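Undergrad: As they're listed, the protein sequences go chains A and B.
Counting from 1 along the first sequence, just add 121 to a position and that's the residue number in my numbering.
Counting from 1 along the second sequence, just add 64 to a position and that's the residue number in my numbering.
These are computed hints drawn from the structure, not numbers from a lab.
Since this is a predicted model, take the numbers as computed values, not measurements.
Do not rely on the hints blindly, as some may be mistaken.
As the list claims (entries may be wrong) - Below, a list of computed lysine to any residue pairs in the SDA-like style, where the Cα atoms sit at most 25 Å apart:
| id | chain 1 | residue 1 | chain 2 | residue 2 |
| --- | --- | --- | --- | --- |
| 1 | B | K521 | B | Q569 |
| 2 | A | K124 | B | T212 |
| 3 | A | K137 | B | R201 |
| 4 | B | K312 | A | I166 |
| 5 | A | K171 | A | E227 |
| 6 | B | K209 | A | D130 |
| 7 | B | K93 | B | N128 |
| 8 | A | K124 | B | E326 |
| 9 | B | K380 | B | E359 |
| 10 | B | K118 | B | K471 |
| 11 | A | K133 | B | D191 |
| 12 | A | K231 | B | T104 |
| 13 | B | K411 | B | G400 |
| 14 | B | K654 | B | R621 |
| 15 | B | K93 | B | Y68 |
| 16 | B | K661 | B | T637 |
| 17 | B | K209 | A | T249 |
| 18 | B | K380 | B | P369 |
| 19 | B | K399 | A | I250 |
| 20 | A | K212 | B | N128 |
| 21 | B | K399 | A | T127 |
| 22 | A | K133 | B | T212 |
| 23 | A | K171 | B | A302 |
| 24 | B | K194 | A | L181 |
| 25 | B | K645 | B | E610 |
| 26 | A | K212 | A | I242 |
| 27 | B | K194 | A | E182 |
| 28 | B | K601 | B | E516 |
| 29 | B | K118 | A | I242 |
| 30 | B | K224 | B | G435 |
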Amino acid sequence: MGKIKTLADLKKIRDKQVSDINLRNKGDDAEKLVQIRVAMATCGIASGAKETMEFLIYDLEKRGVEAVVTQTGCMSYCYAEPTIEVTLPGKEPLVFGGVDTDKADEIIEKYIMGGELVDGIIPVNYETIDSKNKED
Amino acid sequence: MSNYSMHMLVCGGTGCKSSDSDILVEKLKKELLKQGLEETVQVVMTGCFGFCEKGPIVKIMPDNTFYTQVKPEDAEDIVEEHVVKGRRVTRLLYKDPEKNTAVEDTKHMGFYKKQLRIALRNCGFLDPEKIEEYIARDGYMAIGKVLTELSPEETISLMKDSGLRGRGGAGFPSGLKWEFARNNESDKKYVVCNADEGDPGAFMDRSILEGDPHSVLEAMAITGYCIGADEGFIYIRAEYPLAIERLKIAINQAREYGLLGENILGSGFNFDIGLKYGAGAFVCGEETALIHSMEGERGEPTLKPPFPAESGYHGKPTNVNNVETLANVPSIILKGAEWFSSIGTEKSKGTKVFALAGKINNVGLIEVPMGTTLREVIFEIGGGIKDGKKFKAAQTGGPSGGCLTEKHLDTPIDYENLVANGSMMGSGGMIVLDEDDCMVSIAKFYLGFTVEESCGKCVPCRIVNKRLHELLDRICSGKGELADLDRLKNLGEVIKDTSLCGLGQSSPNPVLSTLDNFYDEYYSHVVDKKCPAGVCKDLMEYFILEENCVGCTACARACPVGAITGERKELHTVNPDICIKCGACMEKCKFDAVILK
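Next comes chain A alone, as it looks inside the complex (with noise of 0.2 Å):
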C-alpha cells in the first residue's frame, strides 16, 4: 500500500473502504455470503474462541457455505465467552455467547443454513454513536 499524502485521497480510502465493505454486504452472491465475526481478545482467547473459529473456517468449508470469518476485539459480554456475531446476507447482525464448537455447529447447521433462531443470542443492550445519530 502506498502513502497517503492528503486529506483528500484519506477521504477516498475510506469512501472505497465502506463501499467494499458494502459489497460484501448486497454483491453478486449476497445470497450465500454470511459474515461472522469471532470475539478474540485475550479473554475470548483464553475461553476457546480461536478453536470456535477454526472450526467455523474448517466447517463452514466443509459444508459448502460461502463465509467470510473474521477477528474482532472484546464484545464486553465476558460472561458469555466466545462470542460470536453472525450476519446473514441481508439481515440485522445476530450475537451468539458461549459458542464452543458444539454450539458453532448448532449455529451453522439451524442458524446459518436453516434461518432458524438458536438459543444463546445475546440481545444488542447499547448505543453506539453512529446508532444514536441515525436515530436522530
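We have chain A already, so just place chain B on it with the hints.
TA: For chain B alone, coordinates are given in the frame of chain A:
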C-alpha cells in the same frame, strides 16, 4: 430453509429465569402447537436484555414488539391476540414512566438502552489488525481534520470545551493538561499513553488496545500536534502480550500508510510512536513513577511539582494520558465539543467504561453516560446479583477506592459523587459484593495488595500500611479489640495526609470506607468475635447437626487431629479446643451434618 415468519425472543438471563421465563417458553410453545403455528413461529431463549427490573422480557420479531413482566399465564393472550389476530397485547407493552403511555416498539424505547459506547465504539466491531476497517469507520479523519482545519490552540480549546477528564483515576481535565504541556517551551516534547492498567479487576484499557488500537494511536498524534511533540510512547504492561502484538501491527500499518512518520497527510507535521514495556508494578501507573520507569530508573514517584508537563521524560515537557481518555479523543474532534458535553453530568462529561465483576450475573465491560445510577448499572445492565442473593456493596476504584452501599444505589455515578461518598472513580473497576462477603476481609485484601505494591520510598506508605494490615489481620483472626477500630481510623488518616504519591494517599481508602459504612461488622469481629458473613475462619466453629448425623464415623476418621468423638450410629461432636478448622470433616460428610457457624 425454515418457514418461520415470526420469532419470539424470550429473555433467559438469570433475572428473568427466576421469574419463570423458562416456564413461559414452554407455555408459548404449547399455545403455538394448539393453534397449529409451531412451524410458523419460533420461540427462542436469549441472553440478558439488560432490563431485568421489568422482566421477564419477550421481544417479538420482525415487528419489534417489546413485552415486559410477562407471566406464564400471558402466553395464551400473546399467541391468540398478537400472533393470530395481529393485535398487540397493550397491557403487556412497556409503559413510558413519564407519559404513562404504552410504548409500541423498541425504536421508541431510548431509555431502554442505558449504555452508550464512545470509547468502546469499535471494540468487537472491527478487525483490530486491519487499518482499512478503522479507516472505513472514519478512522484518522480526526487527525486529518485537526491538521487541515484547526490550529493547536483551537484544538486544545475544543478539548477544554468538551469537558473530557482523565479516565485513569484522578479526573484531571485533559484539555487543560494539554495546554500546560503546550505552554512549556522546549526543543523536544513527548506524548505518553499510560497503558499500565494495574487495578485488580479493571481491564477496559486492555480491551481497547486489543480491539481498537488505531484510535489510541490517532489520539496520540492529535495530542502531539497540540502540545508540539513529534514523538510518543505507549507504556504498556508486559503482561498484555496480545495488546502489544496488535499495537505493533497497528503502528506498522499506520507507518506504511504514512499516517505516522514524517509529513503526515502533507501537513508538515511529524509524529511517531514507540512502545515501552512495564514490568507490572502498580505504582508505575502514577505518572512520575511511570516516566522514571520509562527512563530505565526505578519505578518510584517523585513529588509534584514539577509536573510532567514541565519536566517529564528526560526532563522534557511530557503529556501523559490514559488509554480510555485517548480513545474518546477522535470522536470528540469529529463530533464537536458540544456533542460530547451534552452527555453526562454538570462536571463529569461523556461516558465511563466500567469492568463489572464479582457477584453479578452479567460480568463484563459496560460503557454508560456519566450520571447513570449504581442501581441501573447493577440491576439493569448487570442483571442483578448472582443466585438471587442480597446486594451488599460495590467496590469502585480498586485499591485506591472505597465501597458504595445500598444507600448509594440511586446516586448518579460521576467523579464528584464518588469522592463525596468516600470512594473514587479510579480506572473503573467495579466489584460487586453480596451478603456472603465479609467487609473486613475485603478491606484486608485490598490493603494487602497495596502493601505488596508500595514502592517503599516514603515511610507512611511503607510502614504504616503494614501496621494497618497487621491490625486487620488481628481483627479477622479474632484477636482484635475495640480500640483497634480507632487505631485503624487514625493510622488511615495519617497515611492519607502524609504519603508522597497517589498510591499512598489513597491506600487506606478501602479500610476507611468500609469502617464508615460497615462499622457494625467490624464491631462484631472485635466485640462478639463473630464474622456475620461467615468468611473469617478463625471466628467460626464447626458443629455437627443432631438431626442430620447418622453416626457413620466418616468425619471422625477424616479429622487429622482427633477433635471429633462419638460412638458408631450415634451423634458425633466436635471439640472446639482441639479443632484446627481444616474443614476435612465437612468435605467427608455425606449427610450435610457438619456446619460452620
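Undergrad: Compare the structure with each hint and give your call.
TA: Do the hints match the structure? See the list:
1. K521/B - Q569/B: holds, 13 Å
2. K124/A - T212/B: holds, 17 Å
3. K137/A - R201/B: holds, 12 Å
4. K312/B - I166/A: Judged against 25 Å, a Cα distance of about 19 Å means the pair holds.
5. K171/A - E227/A: holds, 17 Å
6. K209/B - D130/A: Between K209/B and D130/A the Cα gap is close to 13 Å, so the pair holds against 25 Å.
7. K93/B - N128/B: holds, 20 Å
8. K124/A - E326/B: It holds: about 11 Å lies between the C-alpha atoms, which stays within 25 Å.
9. K380/B - E359/B: holds, 12 Å
10. K118/B - K471/B: Distance ~22 Å between K118/B and K471/B Cα, so the pair holds.
11. K133/A - D191/B: Holds, because 20 Å separates the two Cα atoms, which is no more than 25 Å.
12. K231/A - T104/B: holds, 15 Å
13. K411/B - G400/B: holds, 18 Å
14. K654/B - R621/B: holds, 14 Å
15. K93/B - Y68/B: Holds, at roughly 14 Å.
16. K661/B - T637/B: Since the Cα atoms of K661/B and T637/B sit roughly 14 Å apart, the hinted pair holds (cutoff 25 Å).
17. K209/B - T249/A: holds, 22 Å
18. K380/B - P369/B: Roughly 14 Å between the alpha carbons, so the hint for K380/B and P369/B holds.
19. K399/B - I250/A: Status holds; Cα separation ~10 Å.
20. K212/A - N128/B: holds, 14 Å
21. K399/B - T127/A: holds, 21 Å
22. K133/A - T212/B: Distance ~16 Å between K133/A and T212/B Cα, so the pair holds.
23. K171/A - A302/B: It holds: about 22 Å lies between the C-alpha atoms, which stays within 25 Å.
24. K194/B - L181/A: This hinted pair holds, its Cα atoms lying about 23 Å apart.
25. K645/B - E610/B: holds, 20 Å
26. K212/A - I242/A: The hint holds at about 15 Å.
27. K194/B - E182/A: Satisfied, since the Cα-Cα distance of roughly 23 Å is no more than 25 Å.
28. K601/B - E516/B: Roughly 23 Å separates the two Cα atoms, so the pair holds.
29. K118/B - I242/A: Holds, because 19 Å separates the two Cα atoms, which is no more than 25 Å.
30. K224/B - G435/B: Judged against 25 Å, a Cα distance of about 20 Å means the pair holds.
This entry satisfies every hint, going by the numbered hints stated previously.
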